[in-house]
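*Asks:* The listed protein sequences derive, respectively, from chains D and W. Per my numbering, residue 1 is the first one in the first sequence, and the count goes up by one each step. Per my numbering, residue 1 is the first one in the second sequence, and the count goes up by one each step.
Hints may be right or wrong, so weigh each one.
[Claimed, not checked] Which residues of chain W face chain D? A few of them, derived with a C-beta cut under 10 Å, are:
hint	residue
1	Glu-86
2	Asp-114
3	Leu-189
4	Thr-296
Simulated from the structure, these hints should not be mistaken for lab results. Even glycine gets a Cβ: it sits at the ideal position worked out from N, Cα and C.
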Amino acid sequence: MPELHTVVCMKVVPKPEEVRVNPQTRLLDRANARSEMNPPDMNALEIALQLKDRYGGRVSVISMGPPYFEPVLRVALAMGADKLYLLSDRRFAGADTLATTYTLAQGIHKMGGADLILCGEESSDGATGQVPPGLAEWLDLAQLTLATQLDLDLDSRLVFGRRAVTGGYEELQVPLPCVVSVRTASNEPRFMDYRIKERAMQEDPITVWTADDLGADEAMIGLQGSPTVVSGLVQAPSQERKRIYLEGSNEEIVKQLLNLLREVL
Amino acid sequence: MVASLYGVDAEQPILCVVAESAPGQLEPITLELLSKGREMAGQAGWELACLLLGHENRDLADEAFAYGAQQVWLADHPLLEHFTIEAYAAAAFQAITRFKPGVTLFGATPNGRDLAGRLAVRLRTGLNADCSDLELNRNSGVLVCQVSGFGGGVLALIEAPHHRPQMATIRPGVFSRGSPDYSRSGQLLPVEIEIREENLRTHVLRRVSGESVDLTSAPVLVAGGRGMEGDFEVLRRLAEHLGGEVGATRPPVDEGHIERERQIGQTGVVCSPDLALCCGISGAFHFVVGIEKAGTVIAVNSDPQAPIFEFSDYCIVGDVHLILPALLARLEKVPNA
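Looking at chain D on its own, in the form it has when it is part of the complex:
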């Protein structure tokens, strides 16, 4: 039986609590925000590592972004991933979902494909959840999204998973190879392995591929490959709230609260 090759798609995002809104321009100021691994992608990596613990094989991590993402991504190696691929090229910049999924698919082709491709449910900065199905479409693979449990039968090359749907769940069976998105917070990502941490953070080689390395179609990447354009920014309509402070002892506050509830309801 050939070994299981799992690819985990990971994104580096600014820490949400450190992104500020510039009070003058009202634009997002990410300059002082540190980067972190998109938390939902850590749940996907954890599943990949658990499957490796159980079935053997190897885990590759793929990401798209500038070279300075490298230290953040190396955490995946320190947790137990085997290889790290960074798709990095100025021409990838400005990619929307269509261009992003195309580029990731090219990267996965270039690494020789995979049996199982795992993604986080969504990114903490974009939160659209559109990458997993888009990627599955480019790769022409089956998909299993919002998975909370995952089992493999390597002999029959089948994946069994539980998919969260509105008001319940489904138990699905899909064939390998396939794309799976892992439900956020469905597991507890492991800590870095301190025995390999230093090597992982400093020495382990990582693979960086440009658009040319991928043989990517220029028309399909970055801004060129992105149908959507930002045509403007507007201030969110904020309803003026009364902002009345209730004062006093807890007992007095509760009394005022009760009166308020009577009024409103």
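Use these hints to put chain W onto chain D, whose structure you have.
*Replies:* Structure of chain W alone, referenced to chain D:
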């Protein structure tokens, strides 16, 4: 530049809502999209269509007409009885490339997101996810999608001017449902769908429906954040007394204190209760967008600097672990307080 399968020159002035249905009825999200779609199509002089995917689903057409659809594209096929991505994507693709609508809307639900995500790639077009508002430009036919940015107070306007259909997903509760008019009818257009069973890679082994919660229509929302330190029991009892539902910010959901279906905000549910009681919630923008439509907002937080107070009508600087149990005790003592 990447070109969509059909372009602006081939589009029809039709706004299509891709429906989701439960046995015997359309899902609330579909009714919301039809109501908003009717308004947009009306203003732009377009037609509103509803794509119904299912099996023996002809009866749902009347409900779609009642909520404003002027055309119903009926895809009735045994393999569409239950959602599988292969069957639904194939059927929707065939209907969309046949009728070539200028705009196609989906619910930002598990099935709607999966379907939209695959179709956008298959059609080589743009997809705007989780839009908080939509506008269809009467002159240009361009759909302008309002999408909440990452962080406070800024909304991005995003469009896909050169690609068709212009696709968007919208979360439940963002648009309100109009009143149905069952005297309305429209054109019922059956769509011949070709799906082969051997092309379906997904096999559904079991479907389990749990207790489904609808936070969008709850009159009272009792929401808890990190400051509750996992104590959601007091919130559940408060909600019960006030005739409402419990919601939460993301951290308690991630920590497993409460079901994900109850997450409020940008990546959760948008609510419009008469009253929102926000407990131990700091007030990050991600959350606040979910309660903007609330009638009255009351916040309890021990941090006087918490941004939540900016978005509240009544502000209580205090300890949720003292104030809420005291409130609950009073409510339990005084029926219908």
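*Asks:* Which of the stated hints cannot be reconciled with the structure, identified by number in ascending sequence?
*Replies:* Number 3 - this is the single hint that the structure violates.
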